[in-house]
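Undergrad: Residues per chain are reported as follows:
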Amino acid sequence: MGRDQEYRRVAVFGGVYSNTPALEALLMDARRRDVEAVFCLGDMGGFGPYPDRVFRPLRESGVLAIQGNYDESLVAGRTDCGCGYTDPRDNHYARISYEYTVRHTSTENKAWLGSLPGARRVKLGPHRLLMCHGSPRLINEFLWESATPNGLIQALLSEHETDVILCTHTGIKWHRPLDRDRHLVNVGVIGRPENDGTPRVWYAILTACPALEVEFVPLVYDHERLARQMEAEGLPPEFAETIRTGWWTTCLENLPARERQRSRF
Amino acid sequence: MRAPLPVLDGPAAPAVPFRRLTTLWVQITGTWCNLECAHCINASGPEDPWLKPLDGATVREAIRDAARLGVKDIYFTGGEPFLHREILPLLGFALETAPTTVLTNGTAITEAMADALAALAASAPYSFEIRVSLDDVDPEANDRIRGSGSWKKAVDAIARLYARGLLPIVTATEIAAGGGTVEGLYDRFQRFLVARGITKPRVKIMPVFPIGRMPGGDALRLSAEMLEGFDLGLLQCAETRVVAAGGVYACPILAGLPGARLSTGGLEAAFGPAPLYHTACVTCHRTGMTCRNA
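The listed protein sequences derive, respectively, from chains A and B. The opening position of the first sequence corresponds to residue 1 in this note's numbering, with each subsequent residue numbered one higher. The opening position of the second sequence corresponds to residue 1 in this note's numbering, with each subsequent residue numbered one higher.
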């Protein structure tokens, strides 16, 4: 794990899910916002089309990435994405998505994913940041806003000797500041909308002022192009519907009550 | 229950090392229930419960301990939790600490109780989940398993909760699948709920355990050889503890059984390895199931 390189302002995103148009929009947007580095919290593939297309922009832009559960499964040659679903319908769609991604990810790109660390530590001004995919203790742990108690966050911060935990995996962004300028930030994902009825996706910018400032940045991108590509590749129409409408049509059973209440389906 | 549940003897059982306290279960009413379901894992019923209910002070102490230890979620089960006179304040207390789920047969969820639960959910800092048990979409088939009139009461409870913006998780067991698949059963419940106007149906299917009123015939138990190469962390007893009458236990399926009791004192005293001594452990190993919501 890389340790304690120091920055003042960084961009952090998660869950590319093969959404190359959104990734390209993010890289342009972050460049305009005066960030010193761009970090990715993993899950390059899944859900979207043409998984191999995300690697070039990631590498050429010097994105500092870690592995997500999807990446870890691809590297290990597993038969399952390891997303952590327990519901039969969720697992049905996860299987389709994973098998497609396995088939369309080159050996070279799998090797690159294999070279990524599982977590990363950096300094942002005075703040110690720990970047992970699901949680610091489990790559596929879901940390939803309504289902992550303060006591758990405090325990994770203390156990992992950090001031700020940055994670993704759930697909919905949130930020909870605790006392003594400690934080948990789920940066969301750029691969699919966050179930809010709009096609935009989100990433986060963190600035040491020196108190920590967290800004969530919406990204508008050519989602219609992505949806058409998904259809051309024969991916489930439910996936393209999500990209167009902003409402999740799959992987809903994992949502806690409060997040599901805000959902359309 | 009138006859004690069997504790199986035999060679030393393999054990699951304790990893962390992710989930606290509260066996709040022990085995006191107003139904006597044919497949009940702990043979709950209305008369002379073999496992006694917990008092409110014990529940609060366990929740405070769990909060200090970084628990992620809390579940209330029984028996029927809504028979406990302090259920609402205790749910409220738990919800101040962590997301909380209550498992119920729905029979006590009147209009007034549904109002109270909706108020609790609205004021809580974390998600409040209500799991309502229903074993078949067909009233007669359900009532054969769960007792006369139970289908209507459960379905009414689901409708009342849904009408208030709560999204109950309808929980069934594979007993209703007959010769069909779990996926087929899941779809059947989904279609049933949608047909009743529930546009965000939530369904959880559980296996039937060879325990309680449906004890297994072959008494198969897990051996060290069977667990070779298996990640023991996948079993819920690696991250779960249950507070029930008499102490702290390894998992909600085995709560109350002496063989699963890990401490007669506090929660932390029960953080040792959990023995996989019961035939029910085979079901967890085989199915990869979790008693958690997801």
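Note that these hints are calculated values from the structure, not bench results. Source: prediction; values computed, not measured. Among these hints, one or two may not hold up.
Stated by the list, open to error - Here are the simulated EDC-like cross-link-like pairs (lysine to aspartate or glutamate), alpha carbons at most 16 angstroms apart as the crow flies: (1) B:Lys200 x A:Asp90; (2) B:Lys52 x B:Asp65; (3) A:Lys123 x A:Glu213; (4) A:Lys110 x A:Glu159; (5) A:Lys123 x A:Asp163; (6) B:Lys200 x A:Asp163.
Stated by the list, open to error - Label-pair distances were calculated between CB atoms; the ranges are: (7) B:Asp187 x A:Glu231: 41 to 49 angstroms; (8) B:Phe230 x A:His92: 45 to 53 angstroms; (9) B:Asp143 x A:His160: 46 to 54 angstroms.
A virtual CB, placed ideally from N, CA and C, is assigned to each residue, including glycine.
Undergrad: B:Lys200 and A:Asp90 were given as a pair; does the straight-line alpha-carbon distance stay at or below 16 angstroms?
TA: 14 angstroms, holds
Undergrad: So if I understand the rule, the pair passes when the alpha-carbon distance is 16 angstroms or less; does A:Lys123 with A:Asp163 pass?
TA: 10 angstroms, holds
Undergrad: Are B:Phe230 and A:His92 spaced within 45 to 53 angstroms by their CB atoms?
TA: 25 angstroms, violated
Undergrad: Given the hinted pair A:Lys110 and A:Glu159, is their alpha-carbon gap at most 16 angstroms?
TA: Roughly 32 angstroms separates the two Cα atoms, so the pair is violated.
Undergrad: Is B:Lys200 close enough to A:Asp163, meaning Cα to Cα at most 16 angstroms?
TA: 38 angstroms, violated
Undergrad: Hint says 46 to 54 angstroms; check whether the CB-CB distance for B:Asp143 and A:His160 agrees.
TA: 51 angstroms, holds
Undergrad: For A:Lys123 and A:Glu213, compute the direct alpha-carbon distance and say whether it is at most 16 angstroms.
TA: 14 angstroms, holds
Undergrad: Would you say the C-beta atoms of B:Asp187 and A:Glu231 sit inside 41 to 49 angstroms of each other?
TA: Given a distance of about 25 angstroms, which is not inside 41 to 49 angstroms, the answer is violated.
Undergrad: For the pair we were handed, B:Lys52 and B:Asp65, check the Cα-Cα distance against 16 angstroms.
TA: Violated. B:Lys52 to B:Asp65 sits at ~22 angstroms, over the 16 angstroms cutoff.
Taken one by one, the earlier hints fail for this structure at numbers 2, 4, 6, 7 and 8, listed in ascending order.
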